[in-house]
Amino acid sequence: DAGVTQSPTHLIKTRGQQVTLRCSPKSGHDTVSWYQQALGQGPQFIFQYYEEEERQRGNFPDRFSGHQFPNYSSELNVNALLLGDSALYLCASSLEGDYEQYFGPGTRLTVT
Amino acid sequence: AQSVTQPDIHITVSEGASLELRCNYSYGATPYLFWYVQSPGQGLQLLLKYFSGDTLVQGIKGFEAEFKRSQSSFNLRKPSVHWSDAAEYFCAVGASSGTYKYIFGTGTRLKVLA
Chain A
1 DAGVTQSPTH
11 LIKTRGQQVT
21 LRCSPKSGHD
31 TVSWYQQALG
41 QGPQFIFQYY
51 EEEERQRGNF
61 PDRFSGHQFP
71 NYSSELNVNA
81 LLLGDSALYL
91 CASSLEGDYE
101 QYFGPGTRLT
111 VT
Chain B
1001 AQSVTQPDIH
1011 ITVSEGASLE
1021 LRCNYSYGAT
1031 PYLFWYVQSP
1041 GQGLQLLLKY
1051 FSGDTLVQGI
1061 KGFEAEFKRS
1071 QSSFNLRKPS
1081 VHWSDAAEYF
1091 CAVGASSGTY
1101 KYIFGTGTRL
1111 KVLA
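As they're listed, the protein sequences go chains A and B. Position 55 of the first sequence, counted from 1, bears residue number 55 in this note's numbering, the numbering being contiguous throughout. Position 105 of the second sequence, counted from 1, bears residue number 1105 in this note's numbering, the numbering being contiguous throughout.
Since the hints were made in silico from the structure, they are not lab data. You may find that some hints are simply not true.
[To be verified] Where chain B lies over chain A, by a calculated footprint (3+ residues, C-beta under 8 Å):
#1 43-49
#2 100-107
[Unchecked claim] Label-pair ranges, simulated between beta-carbon atoms:
#3 B/Glu-1015 <-> A/Glu-100: 28 to 34 Å
#4 B/Gln-1045 <-> A/Pro-8: 20 to 26 Å
#5 A/Asp-30 <-> B/Pro-1007: 33 to 39 Å
Just so you know, even glycine gets a beta-carbon here, dropped at the ideal spot from N, CA and C.
Construct the complete structure from the given sequences, taking the supplied hints into account.
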């Protein structure tokens, strides 16, 4: 049973560019959440997707957007990258209505 | 507003010594509480969780945590630390508001001396 997978593992981008990160949820899960973990900080909630719609959003600008596909996989898009967007981006999956989330290994994004 | 506080940024213990990592939360209703561990460059691994019932919960790797409603705390403990326990530990509260998102503390970095 595959757990949560994320791709790519590492990514280096330049300020102003756009990036897409991908997440496949644990088998059987239908809800995907994204978190940003800056260096030395705890993860911060970006948004959550269920039934292909964004259900709630944390305190992140509109440069951060996402998508969920019919197979429940998800993408996180960040436009107009800033140096401050450098972080580990974590994807977590769960079953609708279940508090327990399973985290992927993360994508390390470096913006230069 | 919901929040989680981990007062200790760094903790150093000797191998074989006991460990307690502190976590305090602010949440209006009965919280769903979690402890995660993160090794350098890795994702988050769930150590244990509290949803309801017995306030002392057992987790993996010999860890346990006690929920104390009167103190709004959920401290993590281990009776004898191993060198492999060196990592960063995060406490989190599950916030309902329709999304079941997690609110994390800032983490405690554990160093283990041989």
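Does the beta carbon distance between A/Asp-30 and B/Pro-1007 stay inside 33 to 39 Å, or does it fall outside?
holds (37 Å)
Distance restraint hint 28 to 34 Å, applied to the beta-carbon atoms of B/Glu-1015 and A/Glu-100:
Distance hint for B/Glu-1015, A/Glu-100 holds at roughly 31 Å.
Taking 8 Å as the C-beta cutoff, is the stated coverage of the segment 43-49 of chain A by chain B satisfied by three or more residues?
holds (count 4)
CB of B/Gln-1045 to CB of A/Pro-8, is that within 20 to 26 Å?
holds (21 Å)
Count residues of the segment 100-107 of chain A with a Cβ under 8 Å from any Cβ of chain B, then say if the count reaches three.
Since 7 is at least three, the answer is holds.
Violated hints for the displayed structure: none, as all numbered hints are satisfied.
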